[in-house]
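Here the protein sequences come in this chain order: A and B. When you line the first sequence up against numbering that gives the first Met the number 0, it's residues 0 to 489, in that order. When you line the second sequence up against numbering that gives the first Met the number 0, it's residues 0 to 97, in that order.
Any given hint could turn out to be false.
[Claimed, not checked] Selected chain A positions facing chain B (Cβ under 7 Å, derived; list incomplete):
#	residue
1	TYR198
2	SER212
3	PRO310
4	ARG331
5	ARG335
6	ASN340
7	PHE345
8	THR365
9	GLN379
10	GLN381
11	ALA417
12	ILE421
13	GLN422
14	LEU425
Because the hints were derived from the structure by calculation, they are not lab data. Positions of the beta carbon are idealized from the N, C-alpha and C atoms, including for glycine.
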Amino acid sequence: MSDLHSLTVAQILEGLQTGAFSSRELTQAYLARIQAHNPRLNAYLYVDVDGALTAAQAADERRSQAGDPARLPPLLGLPIAVKDVLAVAGMPATCGSRILEGFVPSYNATAVQRLLDAGVVILGKTNTDEFAMGSSTENSAYDITRNPWDEQRVPGGSSGGSAAAVAAGLAPVALGTDTGGSVRQPAAFCGLSGLKTSYGRVSRYGLIAYGSSLDTIGVLARSAQDAALVLNIMAGYDPRDATTLEQAAPDIHLNGNATLKGLRIGVPGEYFIDGLQAEVEQAVRAAIAQLETLGAEVRPVSLPHTEYALPVYYIIAPAEASANLARFDGVRYGLRAEQDNLIEMFKHSRGQGFGPEVKRRIMIGTYALSAGYYDAYYGQAQKVRTLIRDDFARAFEQVDLIAAPATPSSAFPIGAHAEDPIQMYLEDVFTLPANLAGVPGLCIPAGFDSQGLPLGLQLLGPHFSEERLLAAAHAYQQVSDHHTRRPVLA
Amino acid sequence: MSLSPEDVDHIALLARLHLSHEEKERYRRQLSDILKHVDKLQELDTTNVQPMSSVAVPQSRLRPDEPGPGMPRADLLRNAPDTAEDQFRVPPVLDGGP
Chain A
0 MSDLHSLTVA QILEGLQTGA FSSRELTQAY LARIQAHNPR LNAYLYVDVD GALTAAQAAD
60 ERRSQAGDPA RLPPLLGLPI AVKDVLAVAG MPATCGSRIL EGFVPSYNAT AVQRLLDAGV
120 VILGKTNTDE FAMGSSTENS AYDITRNPWD EQRVPGGSSG GSAAAVAAGL APVALGTDTG
180 GSVRQPAAFC GLSGLKTSYG RVSRYGLIAY GSSLDTIGVL ARSAQDAALV LNIMAGYDPR
240 DATTLEQAAP DIHLNGNATL KGLRIGVPGE YFIDGLQAEV EQAVRAAIAQ LETLGAEVRP
300 VSLPHTEYAL PVYYIIAPAE ASANLARFDG VRYGLRAEQD NLIEMFKHSR GQGFGPEVKR
360 RIMIGTYALS AGYYDAYYGQ AQKVRTLIRD DFARAFEQVD LIAAPATPSS AFPIGAHAED
420 PIQMYLEDVF TLPANLAGVP GLCIPAGFDS QGLPLGLQLL GPHFSEERLL AAAHAYQQVS
480 DHHTRRPVLA
Chain B
0 MSLSPEDVDH IALLARLHLS HEEKERYRRQ LSDILKHVDK LQELDTTNVQ PMSSVAVPQS
60 RLRPDEPGPG MPRADLLRNA PDTAEDQFRV PPVLDGGP
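Take the sequences, apply the hints, and build the full model.
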């Protein structure tokens, strides 16, 4: 089979089960593509060739020896990629930072462990903005990742390596993380289905923390159905993450039923702002119209505090980051700058190890939490966060889902925001509110602009409504083909 | 809100970040711009609004506090820049220490 690299997870699982191909053949096909294209795209920071082939071989043997195929692990032999902010035992975890160069965790993140228990084959670790802080993957200390649709453009971020890998056929599916849009925005830029889970749905144990009240683990996939297959495995209560809930483990089965009869979809006027690329708006409105023809009831809805999400986020996320990143001090892991005393060693290790955006956010967060400024900045941001959460709560009394743009534009050129952090922060203006409220979001392909770049539709739902989100997206993907298009690689 | 060079020095010390002169000037400028942007939050009257410190998940609870094995010491020490006698080794806390 020559096109193994373009199959969905659902097709792969079927092919493995029927014996159309083995996990080893599949894994070899992906490794060959990684070897051919990764030097240019830089989607992966680390590729575990031997480990992946060994795991694939073991999966094939297990399958051939099994009496009853129904009792095999559900994802046996499926290759996946993992964003380099998640711990995979024995593989480097750099978080895209010099300060963690050479760090090799000895344990698996819970989400990773559950997927391994379900039989996956880990191909490697994907590039990310340093500590997931960024919207372009240009903030990685290990070089930029290129967008497979146009290699002069960014793949989005911070899960840009995972998005580029799945879009380019270097992995069928990948894990990402979303603190302010880092799964949904790269999904929009790379033409993928990107799921940001509800806060409390997937354990963050083994996720190297950025903003703990915002961080979520998600999936970058070629279809809503693929995202559901991965979510089913990795979600659920974990005693190692007190924010996860018992009812977090879903059992989502998407049927082929392309009807949304009775589903109420709200369209927030606040998301259709000046500066929104006209083609994004057209694609989003066309997709909403298509949801309506599937039976959904579309009505306007208001999220009045949307414009405050950006300033709230850029206080709260850096404040939490400044505390979380205090652990990188040159003592227990990573880079150490040798100095004569301890304080100077801390300062120089951190000064050398962190890149510009991480330092900028640590500085903002430290300032916002410092004596005399705490109430004015952090305290006020926490209160406005309540208003944003209440906006969503009120909206979801009137509608079942919200449909909106995922990004203000299609993928922007590499270097476009190099000297202007606020312009870069504005890239996340449509994705931040969901993180502040803790609700799930799903970005799906809704078309292409005149330059052939993918455009995304964002669906948002109430807390723990992933099944509803995925079902709506799945229905849309039964009657549209945007998600099936793949970039032509150089 | 515009930051002074002394403000930047103070924040950098609190954050334990050594910054070059160029970095200090750049962050002074950029942080001032970002703070102007977030000053938008002062527009809102939040007198009767409760602060949200996390996504309210009332059902979340602590696990039972039962003793169990920790991670193997050797695994944890393997990633350290400097160790001695099964411990992390650091430079003296005070100048002129041993």
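Check the structure against each numbered hint from earlier and tell me which ones fail, lowest number first.
11, 13, 14
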